Every structure is written in C-alpha cells, then in structure tokens.
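Colleague: Line by line, the protein sequences are chains Z and S. Per our numbering, the first sequence starts with residue 333, numbered consecutively. Per our numbering, the second sequence starts with residue 8, numbered consecutively.
Check the hints yourself; a few may be wrong.
List of simulated lysine to any residue pairs, SDA-like, C-alpha gap at most 20 angstroms [stated by the list, open to error]: (1) K657(Z) x T531(Z); (2) K537(Z) x R898(S); (3) K819(S) x R634(Z); (4) K206(S) x R750(Z); (5) K537(Z) x L840(S); (6) K537(Z) x S811(S); (7) K540(Z) x D902(S); (8) K657(Z) x N583(Z); (9) K816(S) x L840(S); (10) K514(Z) x S811(S); (11) K864(S) x T531(Z); (12) K537(Z) x K816(S); (13) K537(Z) x D902(S).
For the record, the hints were derived by calculation from the structure and aren't laboratory data. All figures in this text were calculated on a predicted structure; none of them were measured in a lab.
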Amino acid sequence: MPIHLTCDGVKRRDVLKVGAVGATGLSLANYLRWVEAGELSAAKAQSAIFINLQGGPSHLETFDLKPQAPSEFRGSFQAVPTNVTGIQISEHLPKLASCTDKFAIVRGVTHTLAAHRLGQEYINTGSRPLPALEYPGYGSVVTKELPAPIDLPPFVAIPNTNQRPGFLGVQYAPFSTGNTPKAGQRFGVRGISLGNGLTVGEVEKRGKLLSDLDTAFDRLEGNSQLLNGLDRFSRQAHAIITSRRSRDAFNIDRESPAFARPFGESPFGTSCLLAARLVESGVRFVTVTLGGWDTHQDNFTRLKEKLLPPLDTGLAALLGGLSQKGLLESTAVFVTGEFGRTPKINQKSAEGGRDHYPRCMFMLLAGGSIRGGQVVGQSDEKAAGPQGEGFSPDDVAATFYHNLGIDHTREYHSNTGRPISIVRNGTVIEPLFG
Amino acid sequence: MLVTRGWMLASLYLLSGWGVTPGAFADDAAAAQESVRTRFQSATVDQVPDFRRHVVPLFGRLGCNGRACHGSFQGRGGFRLSLFGYDFKADHAALLNEESPRVDVRVAGDSLILNKPTSTEDHEGGKRFERDSWQFHLLRRWIESGAEYVPKTVDRLRALEVTPSEILFSGSDEQTQLRAVAVWEDGTREDVTPLCRFKTNDDSIATVDGEGRVQAAGSGDTHVVVFYDNGVVPVPVIRPVSERVGDRYPTVATATPIDELVVAKLRKLGIVPSEISTDAEFLRRVHLDVTGTLPTVKEVESFLADPSSDKRSRKVDTLLERPAYAAWWTTQLCDFTGNNDQQLNNVLPNMKGKQNVASQVWFDWIFKRVADNAPYDELVAGLVTATSRRDGQSYREFCEEMSAALRGEDGKSMAALDSMPFYWSRRDFRTPEPRAINFAYAFLGIRIQCAQCHKHPFDEWSKQDFQQFTAIFRQPTSSNVNNLTQIARQRPQIKEDLEQIMKELQIDQSLRGGKLRKELANQLVAGKTIPFPEVFVNPRAGRGRRGKGRRKRKASPVVARILGGEQLDSNSHTDLRVPLMEWLRSSDNRYFARAFVNRVWASYFSVGIVDPPDDMSRANPPSNQALLDALAQGFHDNGFDMKWLHRAILNSQTYQRSWQPNETNARDERNFSRAILRRLPAEVAYDALVMATAADGAADSMKDDLEGRAIALAAASGRYANRNSASFALRVFGRSVRESNCDCDRANEPSLLQTVFLQNDREVLEMIDRREEGWLDQMAQTHQLKRPTPRFSQSETKQRRGLSRQIRKLQKQIKQQKQDGQEEQLAQAQRRLTALRTQMRRLNAAAAGDRSGPGIKKEIDALAVVNAAYLRTLSRHPTDEELARCQTYIRESEDTLNGVRGVLWALLNTKEFIVNH
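Using the sequences and the accompanying hints, generate a full structural model.
Modeller: See below:
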C-alpha cells in the first residue's frame, strides 16, 4: 500500500484506496464507525437537497425587494406580506409566501466572481475556486462523510450538476439522471433501471452464473484491495440493479396523485418530487437544477412568466411535501444561484434587464435544525451590497455542513498530499439555528 | 577522547583553510564534532551555537515551525516562523522583531523563546523542554552571545552522513540507534543527531522515535528518513518475511540483469518470486500492457499452439511494431505532458466539424515519434525547446507553412513540424510558476510545488531553489488567436507581415474570440493564408525589469538556476531552455531518465520502483535503488531508445511472473516478486469491451486499425466532457483529465459506477446485442437462432439521434418563422417536419416489432460457443468445470441465444476480464 506524504509531515495511508474499498461515498473508517455505532451523527439533518438556480436569479425580484428604492432600481414587482409577520417577498411567489415559516432567507450574501462558471464553482463547493485545485462539491463531501444504504446511489443529480468530486476522486461523483421525470410517467436512470427488456429473474440467473465463474482469483482474495473492492462493488451494483427500492425510488409515478399534484408538471416540479422521493428512500444528497435566470434582457416578463411560477410551485411543494412526510427535520435544503443581479436596471431591451452582480445576492436554507420564517442578514437600501459585512458563500456553506453534522473545518488531503479544509474560509451563521 | 580529537582536527582544517575533502573521513564518524546534546549539557557552557546549524534545526526538532504551530502562514500567538525552516533571514527577523521580540538580548532569561517552551510563561503549545536541559542552554547561550545570524558566504550542507546506512532486523524486539553527521562546505563535521527529525515511511514495519531509535515492528521493508537542514536521507530498513534468507534462499534463475537486481533484493527479504506465468496469462498481459488491446481469438490460439521457445520475445517484438503500441504510449505521454484540450482552445482557428484540432496535432506529433521510435530525449527536446518558427523563417513563411499543414495539403502535416510549441501555448501555462511545476512533474517526476511557499518538507528544495528554477521559464512567450496583434505590436519584424496578411484576408477587425477563430478557419479552408499565434523566446525577459510607477530603479532579477545545479546566465544564452535541455539529457542528471524509466516500469507492474511514480523526492526513495539506477543508466547509454527499455523489461522473468502468490510473497506489492493485479486503464477497458463483443472479423481489424479506438483519442480534460459515445464510460473508468500535474489525474481505482456500468448500462447491453459486427449476432446467424434484438442498433441510434436533432432545429425555426410571419418558409418547414416525424415513427416501429416474438430453444454446439466466448474475453480456454457450467446454462435457457448472451455478459463481468493479471 503506497504511503503518501503531506506537507505538514503527517504520513497517511492512501485515503483514496481506503475509500475505494468502502464503496461510493463510504470510506472504510466511516463504514466501520457506522457499523459499530449503529447510528450516523447527532445532527438532525441526515440528507440534503441542493437547488441550483443556474444563471444568477435577481434578488430584487424574488426575496430581497426594495419598494422604497428609486424606480430605476426598484422594478415593477410588488413586495407582498408572507405568512410570517414582517417578512415580505415578491408578489409572484404566492405559494412560497404562504409557507415562509418553513425556510430562512439569507440576504446580503456577497462575493466577487461575476462569471457564471467561476460563480457556479464557488457556490457549489463553498470555496472560492483556485486554479490549481478543484474543491469537491457539497454532494461529494456529504457522500464521503455520511454513509448510505448499499442498494442506493448516495448522490443523485437531477438531471445533472456542476458539483464535481474534485480532489476527492471519482468514487464520490454523482449519479446523474441525465433527464428530468415527466409528471405521472415512469422514470428510470442510466444503469439503474433494468435495460433492454431484462427482468429481475434474468439478472438473478446471470448473477448466479457470474458468481460461479468468477473464481479465478479466489486464492488471492483477502489480500488484494482491488479484488475486495471489485467484489464489494459487484454485490452493491447487483443490489441496486435488482432492488425494488432503488427502482422505486426513481419512479415518481408510484407517488400518490394527491401528494404529487402540488408539484405541478414543470420539469423543475417533477424534479423536486423525485428529490423528495429519493431522500425518503435513503439517498443522501440530491441536486436539482432550474436554469434560465440570466435575465440580461426582459427581466420582468421572463421572471413573471417563465421562471418564478415553476420555482414557486416546485419549491413550495417540496417544502410542504417533506414536512408532510416528516422529512423536513432530517433534510437540509439549500437554494442558491451563482450571484444576484445589478440593482440598476439596464436598457438593453425595451423593458430592461439586469446583469451579473455577485456583490449582493440571496440564499435560502431550510430543514434540519434551521429555524424557518426568519431573515438573516440585510442588504443596503438599493440592494447594491450587504448592510455591514454581509455573509460570504463560505459562511453559508459552513452553515449548511453544520446543519448536516459535518465539521466544515475538517481537513482532507488533495491528490498531491496538500491538506485542505472542506470549506476554506467559512463561519457558521449561528442565528439561523436560533 | 576520539570525539574530542575529531573536533580538534576539524578545527585545524578550518583554521588553516586546507581544501581537504571531508569525505576522506567519511568512514570515521569519530572525526566529527560531538553533538550539541553533550556540548550544551551543562549550565556553565561557554560555547556559542550557530543560528543556522543549531538554533533553526532545534526549532524544527521541537516542532515550533510546523504547520499547526508557528509555521502556520498566520503564525501563532503573534509569532511566525517559516514553515519547516530554511528561511533563516525571516526567522531571525521574527525572533528579533522590535514590536514583539521573542528574544531579549540584554536579559537573556526574559526571552520568550526560553520561557514559553519551558511553560514558565503560558504557552499554547505546552512544555517543549526543561529549564535545565541542553535545549535550554543552547538557546540561552545563543541569546547571551548576541542572538546573531551571520550568513556565511559558503555555507552549504555538503552531506548528511547517516549510520548505519542500512538496517537489517531479524526479530520484533530489535532496535538500533541512528547517528547523523553533518558535513559542511567548509569541511567542518558535526554530530547532529539530536537536531535531526526522523520519520518512518511505514510504521507497520519499523517505528522511529524523536531521538533516532529505530524499533522493528512487522516484517517487510521500508525506509526511515532523517532530516537536517536541507539534507534528507532515507535509510532502508529490512526485516525478512520468511526464514528463507542467506544460505536457505533457494536457487532462483536470473535470466536478465533486471532479474538479478530484483532477486538480490528479494533474497534479503526472504521472498521467493512466483513462477513464470502461463503462456495464456503472458499473452493477455503483454497485449494489454504494450498495445492497450486484447489479443484476438486467432492470436491466442496460434500463440498457445506455437511450440518454439522464443515465442515470447518474438511476440514482444511484434507488438512494439503495432500502431496500437504507439497510440497507447502517445496517450500516456500526452497525460504526462498535459495535452488538455480545454487549455488549448485559443491556439488554432475553429475548424468546422473538427473538434480539438490543437490537441489532435499534439497527439499526432508525439505519435509519429513514438511510432518511428525517435529517442526519448529528442522527443522531449521537441517540446521543451519548441519555437513556432524555424531559424530564419519569416512570419509570413511560417503562416503559409502552417496554413498548408492544417489544411492537410499534399505531403504537409503538422506532425512533421520540427517541434511541438503547443506545450508552451496552454492557457494555464503562460506564467513561469506553473511552467516550472509542470516541467518538474512531466520530465523530472518530482513535485516542487510545495517549495513555492515554503521549504519542501520531503525534499531538499527551498523557496529560493524554486524561484531560481522558475526564473528559467520567463523567456518563452506565447500568443493566442485573441492577442496576436497585441503581441505583434511589440515585435516590429512580424508586425508588417501580420498586417499584410490581415489586409489580404479583409477580416472584420472587431471580431474576437470564438467568432474570430471561426472566421479565420473559414478563410483557411478557402485556401487563404491566415495568421497563427506563435511561441517565441524573448531573450530579454528575466534580465531584470524596470519597476513600475514611481519606483523606476532597476529591480534585480532572480538568478536562473537549474534545480540543484548550475546558474544560467541569460546574457550568454539567448534561450535558457537549451542549457535546460542539455542538463536533462546529461548523464549525471538524477531525474530525467529515472522519471521515464520509472513510469514505464509502473505501467507494467502497477507500482513504480519509486511509487507514486511522480513523487521522486528524497524522502520517498525507490524500493530498489540499484534496479532504478541500472535501468536509467541503460536507457541513457542506449541513446534513450524507448523500445530498448520496453524490451528489457518485457523480456525479463520479473515481468513474466505469474500473479499466483506463494507463501512468502502473498503480501509483497513493492518488490516485484509476482505480477500485481490491476484494473485495466479506462481507454483499454473500453476498447476491450468493444473488442470482446465484436464479431470475429471486426475484432481482427481492431488489431491494426486505430479508427474509433479509445486509446487513440487525442483530447482530454475534466470539464465539459465531450459527448461522444465513449466519453461516459471513459469518465467512469477514470481517464486522465490532464489537469493537475499529477499522475493521479488518471484514476485506476474501481468504483461502484464502473460496476453498475459493466453490469447494466445500456451502452454495454447494446454493445452485446449490436447487429452490425456483434459477436452475439454472428452466433445467432451461424446457429440459425433468432437474432439479437437491440433497442436500436448502432446505426439506428445514430440515425435516430440525427433525426431528433433535425426535428428540434426545425421546431425552433418554425417558431421563429411564425413570429416573423414568413408564411412561405413556414409551410415548407412544416411539411419537412411531418416527413421527419414519419421517418422517426417508422424507425421506432421497426425496433419495437423486432423485439417482439419468442426466442428459439435449440440444441447447439455449446462447447465451441463457450470456448469462443472465453477466448474473446479472458483470452484463454475454459476449464472443464467452467465449460460444463456454461453449457448447462445455455442448455437450460428457454431462449438459446439468451443463454449465450448470459455467458458473454457473465464473462465481461468477471474480475478476470477487467483486471490485467
């Protein structure tokens, strides 16, 4: 077994190999701890849903309206009261306004990366991107830290995600569904659903033949990490493929119509439905993506007609659905885009638009130990920057991890042995748990 | 007594200034000055310690300058030391810092560095030593004498001599004490054992304490490493794993020099190597290793039937002549040198229908040289000293040549260019630091990046070494399509040519980025000469530049220096890369040949002689120094002939050993006593899947044809993976992303995703069931069974994809036309849409119809079928038992073809298939 050296002189056994034996997302140490202790962690949240509003949603038209600001900043949307006294959000988010008690709004989040790719990398990892090192996305870290059942993929992306395993290695990569489910229809995912007319009986038969034939290296087993790993993965893959649970987990048409209806028929809504179902089945981490927020032109029409309705319906149904199933307490939810948008309305089209603006944005947190129905942080009177110091994406990342019982200051080693903490610079935002 | 005399002698040399080589005393450790532990034992000591030789090493020994303590970049408790020491000036300044001094020269006893580590005052780091200890007296005496740091003009650690130089344990209760003597440039020698740091590379074999006492733990071999100043000395520790050592070691034949060196080490360890592998094992292994390709059924059969005794070496020769050998090694060389398509996208114009042209050109250039077996040093020189233009070539001539080559005009090819400048053109490769880091990684096999911020903890490199090495890389300059004119402005000799070319092209001057690259490509295809970015050397770069703004005085430049070698004067070399390349290929280069030899070795044995292969630091020594040295020497003496190296390794018994362990070597994974199982690399695994499921004819043609082969894919990068059919599989199996200067960019670990892919991914299932050139289909036709029923055959899938693309495009068009009110075009588009949809429906119906209907149950010659399935997947005949099981499986299947399919599927999913053994 090779030994790698780290810059601080601490010697380590090759962690990647240990991880590889463990299974996706299950380091050996974690696995043993899990098995011995019979439980996972003290945190309430055991799984997470990350909703990526790709493109950078305008904070001024959603959760941080400035009705008092001059008209060239304010825009045409009205702020309306919610079911929590004192909190106002956009008039075009009525369903969320009626369940504002279920989530917390973080205002005045601020950073400096105004490009989509860099911003996305930042908010998907919680660490400002470095050229030489790729940080792992949230899902990969959670996959590594929290063990998951053998017959389910631990980290699912609907339909795909910008969260990459980075230096943690490919075994922490997400299972991407590749597409979004359609309301009321069967849904399957690459590799997991039985393909080409196969039946479970057929797979069981083949599996039996395989185990009869796969004996060439029997003499070596127990001595080879590679063989142990392959055997373990083989059993796990077989478990996933033949498991009713894993197929069912993806199959949203088994959800009762009464439960499914509020999610609506938009791809985002059905994705949220699938996310809730996956979490219920035991999947640790799910990402859902809703893109199109890059409203340089026709900001208001696009938000009102295209973007806000599915967000409102899907997210409200997700929070309501999780709560209804008693899952909101054990599921950390995180909603964010890569940046906010310029407070001053541009004149690129007749009705105007807003451009990239990382200096001021919002993020939403819910579930687990997060106390819903509150606003933490504040932006200035034109939503042009935080009032005071504001929060960095790192702080919100630290809070998100904290909610999941993961110590964000924990150190990993990159593939060159460099020690790196999960989040480089974050501080947990305590009031969110108050 | 002896010790004292040694000190006296050393002093004499020092005083009289004799140029005596201290090495003369190398065997006589007694000639060294006794250690500080003895000298500073008493409170009444009057000697004065030296800052560099004693004080800073003591900090290191005590852990003060570690990362968790004062070595942290933020410092600790308002006091910061350079991480792992070696920045003596900064450390001295930190200690005497006026605002919060750590030493008090007037009242030495008040000094914080005495009171904190003794816990006289609060110290977060706890008590590090006692008040009346030698450590205390040493630091106190240094402060009392004025706390000085006087940099000596010649003050280099010439050697750190550690005794014993090798430790042989025979039982678990044994221990031994290490002793280290520092030999300085000025000839002084001193016992520095109490000032060294010690660590073990494997504590399951030996542990070492802070005093340098090595304690035996388990059996096996590892190294204990001693650190002092910039000296890093590994000491091998060996404890035999069996009784079979010395006279009891059996006679093991050693056919080649490699075998002799390997067995010499095994003899010390009491490890008996495994038997030679069977012909079938050898054949599969050597095919996959050398050419990244499974042997065909015919090749297996004829090799097994060949009775001649030299068939293995003839096989090696044959394989080294195949294009697949060149492709597979080109892929690996592209990994090492960083042929990353994402970083190259501004280098060439955007050719329609051709993706990643620059990556392809890079690949082709290396491929040609590997195929021609050009010497490795020449290949590397083509990258390292690359310039875009040849001597005397004008910019215009260069652009004409490039334009013709890129168009692929008769006899013109980019691969024929003298050098491959794209190595210098990468986007992440424009500044000296990443260049130095990548260069060290690619050609020296070392990781110098640690030394960018602090003394390298596991190697001799200091921050200064890094900066001086980096200075070599200031001269090369590369332009890209976007900044052509900008760079030309500073270079009058090309400015004129460029302006003329642009004028002839009549390109919209405002075009930038992708649009510009597209437009240039159009002009190129139309036969015009277009301007190209170029890599050139700016000899003036690095000769010192003027400061900016108000501070106009000339900043003194960092001296350029070869890593651990001579200084390079940019006044006498117009291109510092030339002496750099000379250094690489010189016979006393410690790294160049070793790095390549080691990587080739690692690809054949799964572990390098130094492992990981890209970490050839002093603290990570080779498991077999003599072997690495001999191979590197041989490679150098044979003119860096790559095929010589491959042959030397492949013809050794060491390479040809079985994976089957015996009682002595089951746990050996670093001394090459048996073949180590390893997962097939991503590209090889993918190609093996394609080939194993292919009909005989198609599989045979893969032997020589690189078309569509994953091992011959040029482009690679991490982000935005290409959406070609193989990309998902290659990503899952961990193809190199060529991103981070690490061999680990390629992942060889197994994963759940890989297994799910092999067992159940539609790509694999469709590969098995493919109609065109699929083996299962071939079987169905031979035995007149119902042919396999893929959801869609390959060509149908392609057709279907094309159709839906057209439909989507048309729908968009229609929408736009509706908005724009273009009635006529609208009607036409709608008619076309209807036609496309009908076509799609037919295709779907055909596939659905094909799937229905029961299979056929029929008695077939299962023996031949199973035998063929084994040969094409596991490259061997089945055993009687395996044969019986598979025959039964097929016989009992309701649908006979499904039985055959099940056998093929099971074989593809055995460990034996995905593992090279």
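Colleague: Provide an ascending list of the numbers of those earlier hints which the structure does not satisfy.
Modeller: 1, 5, 6 and 12
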